[in-house]
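Chemist: Below, each chain spelled out in residue letters.
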Amino acid sequence: MGAPPRNRSALLLATTLVVAVGAGLTVRHLFAAHSLGASVTPRASTQAAAGPETVLRVPHMPGGITLDGDTDDPGWISAPGPARTGDFLMPDGTPARPFSEVRLVWGDGYLYLALYAADEDIETRTTERDGPIWLDDEFRVVFSREGVEYAIEVSPKAVITDSMRVGDGKWDYTWNSGAHASVEIDGSVNDPKNIDEEWAIEMAVPFESLGMKGEPGESVGMSVTRCDTPKRSARVCTGWGEGESRGRLVLK
Amino acid sequence: MRSVAWLVGFGAIGSAIGLACGGSTANGTAPDAGPETSQVDSGQAVDTGSSVDAASEAANPCAIYAGPSTKAGCQCPSGRTCAANGCRDGDSCNTSTNTCEPTPAGCFPGTGYDGGTAPTGTVGTDGGSLSRLYFAVVGDTRPPSEDDTSGYPTSIITKIFQDMEALSPKPAFAVSTGDYQYANPAGVQGAVQIDLYMGARAGYSGQVFPAMGNHECTGYTTSNCGAGNTDGITGNYTAFLDKMLAPIHQTNPYYEVDVDAPDGSWTSKILVVAANAWTTDQGTWLDTAMARATTYTFLVRHEASGANTAPGVTPAETIMSHHPFTMSIVGHTHTYQRTLEREVIMGNGGAPLSGGVDYGFGMFSQQADGSIAVDMIDYSSGLADPTFHFSVKPDGSPAP
Numbered sequence: 001m002g003a004p005p006r007n008r009s010a011l012l013l014a015t016t017l018v019v020a021v022g023a024g025l026t027v028r029h030l031f032a033a034h035s036l037g038a039s040v041t042p043r044a045s046t047q048a049a050a051g052p053e054t055v056l057r058v059p060h061m062p063g064g065i066t067l068d069g070d071t072d073d074p075g076w077i078s079a080p081g082p083a084r085t086g087d088f089l090m091p092d093g094t095p096a097r098p099f100s101e102v103r104l105v106w107g108d109g110y111l112y113l114a115l116y117a118a119d120e121d122i123e124t125r126t127t128e129r130d131g132p133i134w135l136d137d138e139f140r141v142v143f144s145r146e147g148v149e150y151a152i153e154v155s156p157k158a159v160i161t162d163s164m165r166v167g168d169g170k171w172d173y174t175w176n177s178g179a180h181a182s183v184e185i186d187g188s189v190n191d192p193k194n195i196d197e198e199w200a201i202e203m204a205v206p207f208e209s210l211g212m213k214g215e216p217g218e219s220v221g222m223s224v225t226r227c228d229t230p231k232r233s234a235r236v237c238t239g240w241g242e243g244e245s246r247g248r249l250v251l252k
Numbered sequence: 001m002r003s004v005a006w007l008v009g010f011g012a013i014g015s016a017i018g019l020a021c022g023g024s025t026a027n028g029t030a031p032d033a034g035p036e037t038s039q040v041d042s043g044q045a046v047d048t049g050s051s052v053d054a055a056s057e058a059a060n061p062c063a064i065y066a067g068p069s070t071k072a073g074c075q076c077p078s079g080r081t082c083a084a085n086g087c088r089d090g091d092s093c094n095t096s097t098n099t100c101e102p103t104p105a106g107c108f109p110g111t112g113y114d115g116g117t118a119p120t121g122t123v124g125t126d127g128g129s130l131s132r133l134y135f136a137v138v139g140d141t142r143p144p145s146e147d148d149t150s151g152y153p154t155s156i157i158t159k160i161f162q163d164m165e166a167l168s169p170k171p172a173f174a175v176s177t178g179d180y181q182y183a184n185p186a187g188v189q190g191a192v193q194i195d196l197y198m199g200a201r202a203g204y205s206g207q208v209f210p211a212m213g214n215h216e217c218t219g220y221t222t223s224n225c226g227a228g229n230t231d232g233i234t235g236n237y238t239a240f241l242d243k244m245l246a247p248i249h250q251t252n253p254y255y256e257v258d259v260d261a262p263d264g265s266w267t268s269k270i271l272v273v274a275a276n277a278w279t280t281d282q283g284t285w286l287d288t289a290m291a292r293a294t295t296y297t298f299l300v301r302h303e304a305s306g307a308n309t310a311p312g313v314t315p316a317e318t319i320m321s322h323h324p325f326t327m328s329i330v331g332h333t334h335t336y337q338r339t340l341e342r343e344v345i346m347g348n349g350g351a352p353l354s355g356g357v358d359y360g361f362g363m364f365s366q367q368a369d370g371s372i373a374v375d376m377i378d379y380s381s382g383l384a385d386p387t388f389h390f391s392v393k394p395d396g397s398p399a400p
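Those protein sequence lines, which keep their order, are chains A and B.
Its first residue numbered 1, the first sequence is counted upward by one per residue in the working numbering.
Its first residue numbered 1, the second sequence is counted upward by one per residue in the working numbering.
Okay, chain B solo, but in the shape it has when bound (with noise of 0.2 Å):
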């Protein structure tokens, strides 16, 4: 017999693989049946007695994997930083082997997710006051080919809108990690198809802050769209500053948002970074904004900074080196994976799938100890996937 305690306090206590993988979750549906469940703090559902016996564990494969979440014997190598479980980039540990190993597909098909209560107070286009944080991410939603608009993923995105529409909570406002278009940068199939993304987006009433990618400049990493930069004013890049920008009253593709409590318990600032509109002038913005302090600070960029190919991306890192900060979101990636402490790709909103998970959106929610939970929404499911649930503290170090 091994007992499970289901993510308790987000995480990480006992074995939670059995039920994931095998027990009431593993239909997909949320886990309300068998055990009773009951709610912490955090929001998380709770399943407070299951257990799972050695017989239905020999029977499932998925069983002898402990996800990120749970601890497990799986050895960290020397002065890395690893999950509970001992292994990095999402992988999970083999529990009869004790090593690292990419997650087998089926397994860890997700919980049921609960924001907590709903937030209450505004965000517009200029920020805003909200008595807790409480938004959404989504990122990279573009066919797979250039000019290919009749394979925008349109139904994927739109569902995806639908879906944080239709959170319970809904999230207060969302931001997007870039690559809205897959076009050549002189034709106008980028127009066209960011018109389909905003119908898309239409299906949610909140606040969108969009990120720029390389796609909204020539579609190449390596590419710097803009006034005086390399590839000039592309016509992806018109089309985003037209269409996505202007909305909400932004004329450059980098920009600030502020969300703050409306007593200022606590400040919040969400930096967007245009990695592929990389300008001196935009790195002193950087370096300013950062520089003044607030409870928390999200940076939003299209590239990780392992796709330091992108010309922002290092001299981005070298400023946020400098200064405080919460989290990093980015996308590029099609996958979600927290690839360093303070950095989580989401960029699994439509575009070819790179990584071994489903579409969907990330969320991002303030809890009462003032850490944020980061999870993400099955597209198909949508559940939570509890091996990908972390917890951080305004400074971006590990939440309990």
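Excised from the complex, chain A in its bound form (with noise of 0.2 Å):
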């Protein structure tokens, strides 16, 4: 139980809606991120040369977790607890600010992530799935495993665009993760002129959809960034998993 459904912002979303923008959006992509003067990592590629990883050994979730956008389910909360990034960081290797964190488990078919953002000022403006998301405060998941990359982009409104791509291919928007997220919000979105506090997303991630079994000893490559327009500030993109040490979960 949690605060009174009057006060939750909780959004559940199947998706369902593929809309096939293809090759296209990817340069709008990249376009849309130059022009607002992002600071974005270089994403992590499949074909980039192996270095140093770091591992995350991501627990069996130990109880049920709903997907209610609150991460009070025992799957989140009971022994061992879940895997977690960590601060995210800077291009330049420091803290990242605002505050961003990932959290893992897995179990019955999913992995779980939950996307933890401190956000004094919550922007979103896409409403539609496959929509143009990285205009907004967002979070990326990118998952690689055997050549292939997986992309997740979820907004401060639980509003999902996945993409996938072969080698350094084109991002092939018809691709459906089958992701479902659910968030919640402390503070006014769109509204600039008061302080917001954050937005986390829960997320679950069907294994098949990466082509995975979801089995203890499996492992995919991850990173994670999270794009952010402060007030008075240019948009900032930071992450984990990216860069020279990359991401690698492995599940336990």
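If you are wondering where the hints come from, they were derived from the structure by calculation, not from laboratory data.
Please note: incorrect hints may appear among the correct ones.
[What the hints assert, rightly or not] For each label pair, taking beta carbons as the anchor points, the in silico distance ranges come out as:
#1 A/T66 <-> B/I233: 16 to 26 Å
#2 A/E146 <-> B/G232: 47 to 57 Å
#3 A/K170 <-> B/Q162: 47 to 57 Å
#4 B/G232 <-> A/R125: 31 to 41 Å
#5 A/K170 <-> B/S155: 41 to 51 Å
#6 A/K252 <-> B/S155: 18 to 28 Å
#7 A/E218 <-> B/V192: 33 to 43 Å
[What the hints assert, rightly or not] Quick partial rundown of chain A residues pointing at chain B, CB under 10 Å, derived from the structure:
#8 D73
#9 D87
#10 P95
#11 A96
#12 R97
#13 S100
#14 R103
#15 Y116
#16 K193
#17 N194
#18 I195
#19 D196
#20 E198
#21 S233
[As the list claims (entries may be wrong)] Facing chain B, according to a computed beta carbon distance under 10 Å, are these residues of chain A, among others:
#22 E101
#23 D119
#24 D186
Glycine included, C-beta positions come from ideal geometry on N, C-alpha and C.
With the hints as a guide, dock the two chains, each given alone in a separate frame, to form the complex.
Modeler: If you want it as structure tokens, here you go:
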């Protein structure tokens, strides 16, 4: 049980709509990031040279998880506790501000992610699936496995844009991850006149869509980028598992 | 060559930037290397003769930035209140373009804090008497996510209170600006987290006067707890009352603490406001309390005036606008920042940081001229942030 329902900003989104924007979107995506002065760290490529990896050993969830934006479920809080990315980093390696973190557990055929974003000014305009979430405050999670990258972007309204590509090919936005996401927000979206506190996404990604079985010992590359436009500042993107110290998940 | 007058008389004279970024304080040590230092009445360390040559300035990317306390050429927008550098909201002035920008990470790492002479007297649960006001502020200590007790910032808040205890002179008392937990309001983790907080708080031997945050209600900024209010009595609210207020003999989340000079030469009141347990009774209490004249009046509340979705913010601000006060001390936003002439955010007590600053605690120190000097002690270095320092008169207006 949490706060009274009238206060909840929780949204549960099924992954149903697919917009076939395809390769053109990739170009727009990069252009948009550039034109906004984004500080985007290089995205991990499946073809990139192998470097030191940051490995997160993800525990099997010790209890149930209800995808409602709250992470007060036994699956999150019972021992041994989830795997954590810890502080995201700025492109120069310093701790990210505002703070971001991801926690992970797995079970029942899903990888569960709790994505947290401290945010004084929550901004998001995209309302349609596979829309230009990269113009909003967002998380972008990229899984890489066997030469294929799977990208799932999620906004503070739990809108999802997902895509995949083979090697360094074009991103295919017709791909549907089947991910479900819910959000909990403390703040007023798109109202820069007041001070917001944070938003958090609880997301379930089916292993099947990543070509995985969901078994102990399986592993998948993962990087996460969080982009935010603070008040009075340029858009900044911070991340985990990117660049030279690439991230990898191993299911325990 | 650019001469440096290091924060003479608190501030704003000359360009301290070269020293702050690339000089003797750049490695996080006290500015005791190089030029001799001396003390001024305000207690701030003063570099009396440092200079920075053009070569080192060119090599130092921080050198083009003037912090808020340094006079610079940025133009303050008409009708707005700006810092000495012509900027607002803690921004630095880029002196190469005369534009205001957020202070780059790594610049202005800090300088030694000297709180002056140790105050005499005592402050108990119901206030007290001191030779001079000298107190600490810490706010917002919670994990990033609900019921994430394993992610509680225990080590951070423990160090903060230990640093507070070790500060010389030690603060006579402390106030806290709210949010000591992030827990399901119907669960039990809130009490567990407050126990962690109180365990850390035990590292400081002075009295602490806590304000209530939104996480002491349901967690939502809009929430309103207490008997008869929308969200009623939550477990988080009860844990706050039982574990943090009961030890200081308070039964309401709003209360007053008076600290006066032994000879009556000055008086002060600290009014702790609960914007997430707002009632008309609290409004009446606040109006009555503010109407009683004291030399200094400090309001301690969780949400800043800009976080106006909290039920008590706007009504409290309305009442405050009818009375004199020195400073409103708030948290909620996980950073530190002087947001208005008479409002300062201190919410960097361990909760996930939202601004480009470090954890730490604030210091309020009464000076010989009656002004109140405000500083932030950095968690990592133990040094004061010179870009944040400011002083106010008892009525909240800027002190020279």
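Chemist: Indicate, hint by hint, whether the structure satisfies it.
Modeler: Verification of the supplied hints:
no.: 1; hint: A/T66 <-> B/I233: 16 to 26 Å; result: holds, 25 Å
no.: 2; hint: A/E146 <-> B/G232: 47 to 57 Å; result: holds, 54 Å
no.: 3; hint: A/K170 <-> B/Q162: 47 to 57 Å; result: holds, 55 Å
no.: 4; hint: B/G232 <-> A/R125: 31 to 41 Å; result: holds, 36 Å
no.: 5; hint: A/K170 <-> B/S155: 41 to 51 Å; result: holds, 46 Å
no.: 6; hint: A/K252 <-> B/S155: 18 to 28 Å; result: holds, 26 Å
no.: 7; hint: A/E218 <-> B/V192: 33 to 43 Å; result: holds, 34 Å
no.: 8; hint: D73; result: holds, 9 Å
no.: 9; hint: D87; result: holds, 9 Å
no.: 10; hint: P95; result: holds, 8 Å
no.: 11; hint: A96; result: holds, 9 Å
no.: 12; hint: R97; result: holds, 5 Å
no.: 13; hint: S100; result: holds, 8 Å
no.: 14; hint: R103; result: holds, 7 Å
no.: 15; hint: Y116; result: holds, 4 Å
no.: 16; hint: K193; result: holds, 8 Å
no.: 17; hint: N194; result: holds, 6 Å
no.: 18; hint: I195; result: holds, 4 Å
no.: 19; hint: D196; result: holds, 8 Å
no.: 20; hint: E198; result: holds, 7 Å
no.: 21; hint: S233; result: holds, 5 Å
no.: 22; hint: E101; result: holds, 6 Å
no.: 23; hint: D119; result: holds, 7 Å
no.: 24; hint: D186; result: holds, 6 Å
Consistency note: the structure conflicts with none of the earlier hints.
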